[in-house]
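**Q** Work out the full structure, taking the sequences as your base and the hints as a guide.
Using numbering that gives the first Met the number 0, the first residue of the sequence shown is number 0, and each one after it goes up by one.
Any given hint might turn out to be false.
Said to hold, decoys possible - For lysine-lysine, the following DSS-like pairs were computed, each having C-alpha atoms within a straight-line distance of at most 27 Å: (1) Lys131 <-> Lys41; (2) Lys131 <-> Lys146; (3) Lys91 <-> Lys105; (4) Lys131 <-> Lys24; (5) Lys91 <-> Lys171; (6) Lys173 <-> Lys90; (7) Lys193 <-> Lys168; (8) Lys41 <-> Lys171.
What the hints contain is simulated information worked out from the structure, not anything from laboratory work.
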Amino acid sequence: MSQKIEPIQHGRYYHIYNRGINGEKLFRENTNYEYFLRLYEKYIEPVVDTFAYVLMPNHFHLLVRIKLEEEIPDSARPDRFRKPVRSNDRKKPYQYFSNLFNAYTKAFNKRHNRSGSLFERPFHRIEITHEKYLRHLVFYIHNNPVKHGFADTIPDYTWSSYLSIMSVKPTKLKRDSVIGWFEDRDNFRLFHQKNHAEKEIEQFLID
Numbered sequence: 000m001s002q003k004i005e006p007i008q009h010g011r012y013y014h015i016y017n018r019g020i021n022g023e024k025l026f027r028e029n030t031n032y033e034y035f036l037r038l039y040e041k042y043i044e045p046v047v048d049t050f051a052y053v054l055m056p057n058h059f060h061l062l063v064r065i066k067l068e069e070e071i072p073d074s075a076r077p078d079r080f081r082k083p084v085r086s087n088d089r090k091k092p093y094q095y096f097s098n099l100f101n102a103y104t105k106a107f108n109k110r111h112n113r114s115g116s117l118f119e120r121p122f123h124r125i126e127i128t129h130e131k132y133l134r135h136l137v138f139y140i141h142n143n144p145v146k147h148g149f150a151d152t153i154p155d156y157t158w159s160s161y162l163s164i165m166s167v168k169p170t171k172l173k174r175d176s177v178i179g180w181f182e183d184r185d186n187f188r189l190f191h192q193k194n195h196a197e198k199e200i201e202q203f204l205i206d
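**A** Set out below in structure tokens:
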């Protein structure tokens, strides 16, 4: 459904989505997924809390909270701003995402001998306004590979946050918060084994 593009605000939750321009694949091989996640760690993790994600060949989904300005470390600022700086001198939140897309596009084009834009612009974002929608959006993100035929079941798909949330290994995902939305890990797993109608969160869906 069509959505008005609103500025990203600090301290708010968003469903963020983007896809390849003109149907272009964003990820052609495993190394593409791996490199995107490394760039995400570099450009995006310092300025967001990440709760869920999925990367698919031609698009991706994120559930994030944009950190408050005082939560963003100085190391995430441009070099010329490493000294004390007024809040209005900081980069706007969308600029961090633009830096990610630009860096990935440059590397992807070089590796695959292509040129030009790779991602649609502007990238899509919808603010999540109530916690009651978060569980269904987490499921929607994790179920997207099944919905689009890239996997038979949610645990089968490698490039999503589902397996990391189910794991006990260290992660930079806000795993405890996500598990808390489902009460415990068993309920998280059981919720993902059922089919849920998208009408519960259709105002927050983009594709």
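**Q** Taking the hints in turn, state whether each one holds.
**A** How the hints compare with the structure:
1. Lys131 <-> Lys41: Violated - the C-alpha atoms of Lys41 and Lys131 are around 30 Å apart, more than 27 Å.
2. Lys131 <-> Lys146: holds (22 Å)
3. Lys91 <-> Lys105: Status holds; Cα separation ~22 Å.
4. Lys131 <-> Lys24: Between Lys131 and Lys24 the Cα gap is close to 33 Å, so the pair fails against 27 Å, i.e. violated.
5. Lys91 <-> Lys171: Status holds; Cα separation ~23 Å.
6. Lys173 <-> Lys90: holds (24 Å)
7. Lys193 <-> Lys168: holds (25 Å)
8. Lys41 <-> Lys171: Given pair Lys41, Lys171 holds - Cα atoms ~12 Å apart, limit 27 Å.
Violated hints, in rising order: 1, 4; the structure is consistent with all others.
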